[in-house]
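Count along the sequence shown starting at 1, add 26, and that's the number in the working numbering.
Each hint should be verified, as a subset may be incorrect.
Pairwise CB distance ranges, derived in the manner of DEER restraints [stated by the list, open to error]:
(1) S83 to L114: 32 to 40 angstroms
(2) H560 to R366: 20 to 28 angstroms
(3) L121 to R144: 46 to 54 angstroms
(4) I384 to E340: 29 to 37 angstroms
(5) A391 to E340: 41 to 49 angstroms
(6) R51 to R144: 40 to 48 angstroms
(7) N149 to G416: 42 to 50 angstroms
(8) I493 to G194: 15 to 23 angstroms
(9) G404 to I384: 27 to 35 angstroms
(10) L187 to I562: 30 to 38 angstroms
(11) Y74 to E475: 44 to 52 angstroms
(12) G404 to A648: 37 to 45 angstroms
Think of the hints as simulated: they come from the structure by calculation, not from any bench. Ideal Cβ placement from N, Cα and C applies to all residues, glycine included.
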Amino acid sequence: MPSPMPGQWSSHRFEHLTGVALDARPAVAALQALGVAACAALPLFVVYTLLFGRFPSEVQYGTALLLGLVAIFALRPAGGGSTARGALDLTASTLLVAGALFAWGYYTANYADIAAFREGLPNRLDLWCYAIGTLVVVAGAHRAEGWILTLVVLAAVGYLLFGHLMPGLLAHRPFSIERVLEISYGYRGIFGIALGSVVDIVLVFVILGAALRITGAGDLFNDLATMLTRGRRSGPAQCAIVASALFGSINGSAPANVASTGVLTIPMMKRVGFSGRFAGGVESTASCVGQIMPPVMGVGAFIMSDVTGIPYVEIMLAALVPALLYLFSLSVTVTFEAGRLQLAPLSEDAPRWTRKRISQAALLATGFGTLLALLFSGYPATYSGLLATGAILALATILPDTRLRLADWTRLVVESGRDALSVLLACAAIGIVIAAITSTGLGVTLNQEITALGAGNLFLALVLAAICSIVLGMGLPTAASYLMVIFVAGPAIMELGISELGAHLFVFYYAVLSAITPPVALAVFAAAAIAKEHPIPLALTSMRLALVGFVLPIAWIYHPEIVVGTQGTGLLDALLILPILMLGIVALAAAQIGWLFRPLPIVVRLALVACAAATLAPATSANLAGAGLVLLIAGFALRSAGRTSGASRPGVDTPAELVP
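Please construct the entire structure, taking both the sequences and the accompanying hints into account.
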């Protein structure tokens with residue numbers, strides 16, 4: 027076999043070290059190499075500034091943004107990752123890189139003078155910087171996230187320019203084009219809270235996620251899920267729920283979570299007998315769980331802490347009970363569906379505890395143990411995440427089965443940067459939307475309308491706020507959608523007497539659930555491709571499975587004890603109401619599937635819906651009555667199932683299988 031030519035060897039070696047295959051054309055290969063260098067520099071810059079001190083915000087955020095823009099233009103064609111790069115795309119990408127360099131160089135060199143002397147009075151070069159900087163950020167967000175985000179940002183710019191011509195509540199005072207450019211690019215827009223939260227907090231946890239993946243510790247999530255759910259008829263679906271909750275907590279993206287775990291869990295669910303639509307629905311719905319599952323919550327908890335000033339530990343404890351209830355609802359639903367279909371458990375052997383898996387478990391325990399110990403000790407989230415990453419990498423170099431080679435180290439650095447591009451550029455672009463909402467007074471107007479409705483009907487106001495959160499969050503990464511929506515719906519919810527933490531969690535939940543809400547439903551489209559099903563019916567199945575998730579945020583407004591630490595509630599309050607809520611969830615799941623130890627007639631299913639509603643009512647007497655009726659119906663169903671088919675007959679659920 028002939029040996030590779032020197033150029034071929036270099037290309038193969040480059041791909042081995044970085045995971046990027048160089049193009050045969052020198053100009054494209056040079057651009058790719060520049061992109062890889064920018065990807066590698068991004069996490070190194072973040073770590074350096076954490077260890078040795080950060081730069082002023084304009085330099086800190088601007089440098090991270092520059093590296094992200096250079097990387098996205100150099101590595102991703104305008105038409106998507108699979109599109110061949112023609113001369114036009116190569117020229118456009120080169121010009122966009124040059125534009126990003128100009129905007130960064132000018133703004134970081136002149137930000138002090140701009141703030142001191144030219145705020146509201148930009149000169150010609152300032153305006154060129156703002157225009158070019160805004161253009162390259164929108165173009166970068168388009169390459170990272172596609173047309174949905176791009177259209178949202180362009181609509182925000184259009185609203186700033188022409189909103190004074192709109193009728194009624196949407197009208198605002200006119201802005202000159204110079205003022206629009208200044209608002210869009212400055213500290214109100216691109217360099218505002220969204221980009222700051224990503225650079226200051228999120229990027230550290232992106233590095234943590236990459237470290238778990240490169241060391242192999244992340245691979246253990248699926249194995250653990252399989253071990254925990256093996257031998258149950260609903261085992262493959264339970265595996266999807268557990269794996270997605272574990273992996274999604276550090277992933278930060280429901281569609282990416284579907285792509286990572288769904289390739290294993292969806293075929294496994296279909297093989298045991300679940301329909302493709304149900305399997306895809308379980309995976310896409312479960313992938314949302316990770317975004318609300320402590321300790322990391324897809325980094326949402328840390329962004330929330332940064333925005334509100336509430337300590338992370340309080341947010342984590344407040345989010346724990348709702349997340350567990352959501353998980354429980356999914357587990358019970360798939361259990362009933364497996365019983366209805368009379369499925370048999372998979373007969374495959376569970377993964378064995380080999381030395382390599384034990385090493386991976388040690389890495390997981392070390393990483394999460396370090397993270398939680400530091401967070402509970404009061405250390406900032408960024409340093410806690412950085413030290414947890416360091417602990418994982420240090421242990422990985424000691425254990426022989428997880429020892430990192432040179433290629434692993436280089437891929438860790440490069441992939442950390444690549445993983446960060448989506449959230450970094452999306453949040454930079456969403457800063458323009460936030461600027462439009464705050465500068466035009468649209469947020470205040472919508473808040474006043476929702477508050478006015480709530481004065482007469484709290485439930486209606488909450489539903490409107492939920493719809494607003496879902497619609498505005500469609501097609502956006504969780505962090506970006508939360509940061510945008512909180513400026514619109516958050517103040518209105520707090521005006522209704524809801525605590526700050528409860529309001530932020532309310533908005534965050536619905537921003538997460540927008541990933542499975544049609545017509546956009548990015549997580550559903552990812553699952554549909556794997557399950558080979560039409561996305562819209564699959565999205566409706568996902569929403570049905572996530573019904574408890576849609577109801578929970580409204581429920582905790584009437585039962586604040588669900589969210590520990592809000593409005594004077596404690597953990598004991600949550601534990602007291604937890605059994606009632608769990609019975610309500612069982613009733614709702616049984617009514618949806620039509621199964622509770624046996625098939626249920628429509629009258630019983632309607633009665634169970636009424637019981638579930640009673641468990642969520644604000645009156646304690648209704649809660650107790652609803653829970654008691656659920657137990658009564660379950661007892662009759664169990665007795666009837668045993669009488670008609672025998673408790674030992676294969677395929678009949680037992681009470682133990684109700685426990686996830």
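How the hints compare with the structure:
Take S83 and L114: their Cβ atoms lie about 36 angstroms apart, and the range 32 to 40 angstroms holds. The supplied range of 20 to 28 angstroms is met by H560 and R366, whose beta-carbon atoms lie about 23 angstroms from each other. The hinted window of 46 to 54 angstroms between L121 and R144 is violated, with their beta carbons roughly 27 angstroms apart. The supplied range of 29 to 37 angstroms is met by I384 and E340, whose beta-carbon atoms lie about 35 angstroms from each other.
Between A391 and E340 the Cβ separation comes to about 25 angstroms, which falls outside the hinted range of 41 to 49 angstroms. Look at R51 against R144: about 43 angstroms separates their beta carbons, and that is inside 40 to 48 angstroms. Judged by the Cβ atoms, the range 42 to 50 angstroms given for N149 and G416 holds: they are separated by roughly 45 angstroms. Between I493 and G194 the beta carbon distance is about 19 angstroms. The supplied range of 15 to 23 angstroms therefore holds.
Taking the beta carbon of each, G404 and I384 are about 32 angstroms apart, inside 27 to 35 angstroms as hinted. Judged by the Cβ atoms, the range 30 to 38 angstroms given for L187 and I562 holds: they are separated by roughly 35 angstroms. Roughly 47 angstroms separates the CB atoms of Y74 and E475, a value that falls within the hinted 44 to 52 angstroms. Between G404 and A648 the Cβ separation comes to about 41 angstroms, which falls inside the hinted range of 37 to 45 angstroms.
Violated hints, in rising order: 3, 5; the structure is consistent with all others.
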